[in-house]
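Undergrad: Quick note: the sequence shown, position 69, residue 68 per numbering that gives the first Met the number 0, numbers continuous.
Hints may contain errors.
[Stated by the list, open to error] Listed below are the simulated BS3-like cross-link pairs for lysine-lysine, each with C-alpha atoms no more than 30 Å apart in a straight line:
| no. | residue 1 | residue 2 |
| --- | --- | --- |
| 1 | LYS269 | LYS137 |
| 2 | LYS161 | LYS211 |
| 3 | LYS254 | LYS211 |
| 4 | LYS113 | LYS130 |
| 5 | LYS137 | LYS167 |
| 6 | LYS130 | LYS58 |
| 7 | LYS89 | LYS57 |
| 8 | LYS173 | LYS194 |
| 9 | LYS239 | LYS173 |
| 10 | LYS156 | LYS254 |
| 11 | LYS116 | LYS268 |
| 12 | LYS116 | LYS269 |
| 13 | LYS269 | LYS156 |
These are calculated hints, taken from the structure and not from any lab test.
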Amino acid sequence: MKEISLDYRYLKAFMVTSRYLNFSKAAQELNIAQSAVSRQIKLLEASVGDQLIIRSSKKVLLTEKGQALLNELGHFEARVQDIFFGHMNKTIRVGILQGVLENWFNDIMVEFTKTSKHQLTVEVNTLDQLKEKLHSGKYDLIFTTENIQSELASSLKLFEEKMVLISKNEINSKEASEYPWIVYSEQDHLFQLNKKRSSKIIVVNSITTILKLVKRGVGIAIVPEHTIDQDQHLKTYDLKGLQKGHIHLSSLNFKTMPEHIKQLVDVIKKR
């Protein structure tokens with residue numbers, strides 16, 4: 000199959016001429032000489048290797064392929080208008096830490112869907128993946144513990160996140176290594192706060208599962224305080240030597256934030 004090399008620079012001249020079927024009127028709208036319009040269309044035809052317009056001294060006609068191209072360009076223009084100026088439903092792509100999703104963002108989603116026609120796609124991911132996907136444009140917004148300030152993205156502090164040590168029964172928190180550890184990852188706070196490791200470590204990247212395991216007496220864990228329900232009846236211990244963390248909302252540095260994303264951000268700021 001023969002490949003063409005469409006020269007997009009001359010599509011405007013073709014579209015305007017096709018609309019009027021008149022080179023003179025097309026030249027007036029484009030504010031260029033009539034000869035320039037004719038030349039641009041000839042160059043477009045040369046790039047596709049086919050005639051698009053039939054010229055005569057009295058009339059201008061589109062060939063079959065010229066009409067087909069015009070129809071497709073009409074669809075394309077309508078789609079572009081819809082993307083930038085239309086009122087179609089748009090999807091907001093959100094990346095988030097699991098604990099923040101389950102214990103805070105659920106309420107945001109309920110409130111947002113009551114007032115907005117736009118859609119949400121929410122994905123739980125690790126901190127590194129959240130940052131990477133934001134910077135590569137795969138997320139519109141992310142919620143993390145990190146304050147991101149770069150040429151591409153910036154963060155807004157939302158709320159403080161206090162971390163606590165939890166267990167089913169009373170323990171000596173100073174001897175944490177004597178108990179089984181349930182950790183989220185190799186960067187878990189239990190590793191940071193204790194020089195001596197536990198002899199039994201369970202790694203599971205689910206805050207919900209961690210809480211369930213602690214409740215069943217499998218081991219101890221460090222989790223955000225806001226993830227603990229009162230009816231779980233867990234023992235909690237404050238942690239010394241651990242800096243207070245914060246949850247941040249991060250987005251790309253839009254000159255003007257798209258309206259559908261702004262709607263969600265406004266809901267968040269009101270809370």
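Undergrad: Give a verdict on every hint.
TA: How the hints compare with the structure:
With a C-alpha separation of about 26 Å, the suggested pair LYS269 and LYS137 falls inside the 30 Å cut-off, and the hint holds. Distance hint between LYS161 and LYS211 is fulfilled; the C-alpha atoms sit about 20 Å from each other, no more than 30 Å. For a cut-off of 30 Å, the pair hint linking LYS254 to LYS211 is broken: about 44 Å separates their Cα positions. Annotation: proposed proximity of LYS113 to LYS130 holds, straight-line Cα distance about 29 Å (limit 30 Å).
The hinted pair formed by LYS137 and LYS167 fails the criterion: a straight-line CA distance of about 40 Å is larger than 30 Å. Taking the CA atoms of LYS130 and LYS58, the gap is near 59 Å; set against the 30 Å cutoff, the hint is violated. Restraint check for LYS89 and LYS57: not satisfied, since their Cα atoms lie roughly 48 Å apart, outside the 30 Å limit. At most 30 Å may separate the alpha-carbon atoms for a hinted pair to count; LYS173 and LYS194 meet this at roughly 11 Å.
The straight-line distance between the Cα atoms of LYS239 and LYS173 is roughly 10 Å, inside the 30 Å bound, and the hint therefore holds. A distance of roughly 20 Å separates the Cα atoms of LYS156 and LYS254; the hinted pair therefore holds under the 30 Å criterion. For a cut-off of 30 Å, the pair hint linking LYS116 to LYS268 stands: about 19 Å separates their Cα positions. At most 30 Å may separate the alpha-carbon atoms for a hinted pair to count; LYS116 and LYS269 meet this at roughly 19 Å.
Distance check on the hinted pair: LYS269 and LYS156 sit about 13 Å apart at the alpha-carbon level, within 30 Å; holds.
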